[in-house]
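*Asks:* Sequence:
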Amino acid sequence: MASSSTTSTAVSLLCSATSSSRFPFSTTLPAKSSSTLYFRANSLPATHAASSSSSGKDEILGRRGLVFTLTATLPLLLPFSESMEAFTAKAVEPDTSIYEVMKEEIRKVVSKGKAAGVLRFVFHDAGTFQLDDNSGGMNGSVIYELDRPENKGLKTPFKILEIAKTEVDAVQPVSWADMIAVAGAEAVSVCGGPTIPVALGRLDSKEPDPEGKLPEETLDAYGLKQSFRAKGLSTQELVALSGAHTLGNKGFGSPTVFDNSYFKVLLEESVSSGSMSSMTGLPSDRALPKDDECLRWIKKYADNENSFFEDFQNAYIKLVNSGARWKSL
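Using UniProt numbering, you'd call the opening residue of the sequence shown number 1 and step up by one each time.
No lab work stands behind these hints: they were computed from the structure.
Mixed in with the good hints, there may be bad ones.
Claimed, not checked - Pairs of lysine-lysine, DSS-like flavour, derived with a Cα cap of 27 Å:
(1) K300 x K225
(2) K155 x K114
(3) K155 x K103
(4) K300 x K290
(5) K213 x K108
(6) K114 x K159
(7) K300 x K264
(8) K114 x K103
(9) K159 x K327
(10) K290 x K225
(11) K159 x K225
(12) K114 x K213
(13) K225 x K213
(14) K152 x K206
(15) K152 x K108
(16) K159 x K206
Claimed, not checked - Taking CB as the label site, the calculated pair distances span:
(17) A199 x D133: 22 to 32 Å
(18) E310 x V171: 30 to 40 Å
(19) G201 x D292: 20 to 30 Å
(20) Q172 x D220: 30 to 40 Å
(21) R325 x R148: 33 to 43 Å
(22) P283 x V101: 18 to 28 Å
Bear in mind that the values here come from a model prediction, so they are computed numbers and not experimental data.
Just so it is clear, CB atoms sit at the ideal spot from N, CA and C, and this is done for glycine as well.
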């Protein structure tokens, strides 16, 4: 759902490669080694063959000699396994290192005051996902949709992340979808929220997603639940993700601290006083406590911040994987 604020997150947030079998290492043993390993039958050297008779006894001794040869050679091959381990570790190093580069560059430009806008940017990219036809979702298409009314204010976080992405691309090109997904997780962490691991490898869309796929901020609780269900998200996940509104100037605690204040304020204003101020949150926020199922989760998260953090982390990972197209491994 869309919000006109540049500092708040809207519920519209949601609202094989075939490798060669050739080894990169040589199995040639040192020249002075008395142990030589032969892999083919009848491949004993001429000097060895000349000294061997055709008797059965000598044949047996020859086989025993081969067994001895293999046994003597094994210790020399042991470092090979260690080399393979190092080779395997090196093969996955680029993905790990670029992830760290992304997080480092993002933290250079995403301050606590800008975190809410960045998180909203994530939600508006992923929030177009539709489960029935597997369309939309986390595909970077939001960069083509910045002039839409529901995305008002998102040009600022786009420009912020563009700075970081330019630096990352100089090291290794990454997709906008990956960059946005990681940025949202870092925005949460910067403000004291949970540390959220984000997988990499999403592909970018080359065109905007269809319009009208984000939940409207004027929906009541029933409408929100239906909209989120169409995106493969449960009522629990709806409530947990809505907790991101604790960031920004919407009246839920500190605008730069990610905690469970959102749920505490919802309870205090809607349950204790019977109504919520129109100055607090979005209409969609104020609608949640009016639904018994939503209220149950609101109470749980207001009472237990750790439960909120855990459920938000799981819901966020699901959100940024929704509709993603991945690079072939």
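*Asks:* Each hint should be assessed against the structure and marked as holding or not.
*Replies:* Going through the hints against the structure:
Taking the CA atoms of K300 and K225, the gap is about 18 Å. The hint holds against a cut of 27 Å. Distance hint between K155 and K114 is fulfilled; the C-alpha atoms sit about 12 Å from each other, no more than 27 Å. Of the pairs offered as hints, the one joining K155 and K103 holds, with about 21 Å between alpha carbons and a cut-off of 27 Å not exceeded. For a cut-off of 27 Å, the pair hint linking K300 to K290 stands: about 15 Å separates their Cα positions.
This hinted pair does not check out: K213 and K108 have alpha carbons roughly 32 Å apart, beyond 27 Å. A hinted pair counts as satisfied when its Cα atoms are at most 27 Å apart, and K114 with K159 qualifies at roughly 12 Å. Proposed proximity of K300 and K264 is supported: the alpha carbons are some 10 Å apart, at most 27 Å. Simply put, K114 and K103 have alpha-carbon atoms about 15 Å apart, close enough for the 27 Å limit, and the pair holds.
Of the supplied pair hints, the one linking K159 and K327 holds, its CA atoms being roughly 26 Å apart against a limit of 27 Å. Pair hint K290 plus K225 holds up; C-alpha atoms about 13 Å apart against a cutoff of 27 Å. Of the pairs offered as hints, the one joining K159 and K225 is violated, with about 32 Å between alpha carbons and a cut-off of 27 Å exceeded. Of the pairs offered as hints, the one joining K114 and K213 holds, with about 25 Å between alpha carbons and a cut-off of 27 Å not exceeded.
With a CA separation close to 14 Å, the supplied pair K225 and K213 stays within the 27 Å bound. A C-alpha spacing of about 21 Å is found between K152 and K206, which places the hinted pair at or below 27 Å, so the restraint holds. Our distance criterion of 27 Å between C-alpha atoms is met by K152 and K108, whose separation comes to about 24 Å. This hinted pair checks out: K159 and K206 have alpha carbons roughly 19 Å apart, not beyond 27 Å.
A C-beta distance of roughly 23 Å is found between A199 and D133, which places it inside the suggested range of 22 to 32 Å. Under the hint 30 to 40 Å, the C-beta atoms of E310 and V171, about 33 Å apart, fit the expected range. The hinted range of 20 to 30 Å is not satisfied by G201 and D292, whose Cβ atoms lie roughly 40 Å apart. The hint said 30 to 40 Å for the Cβ distance between Q172 and D220, and at roughly 46 Å that hint is violated.
Taking 33 to 43 Å as the suggested C-beta distance range, the pair R325 and R148 does not conform, at roughly 22 Å. Separation of P283 from V101 is about 40 Å and departs from the stated range, judged on CB atoms against 18 to 28 Å.
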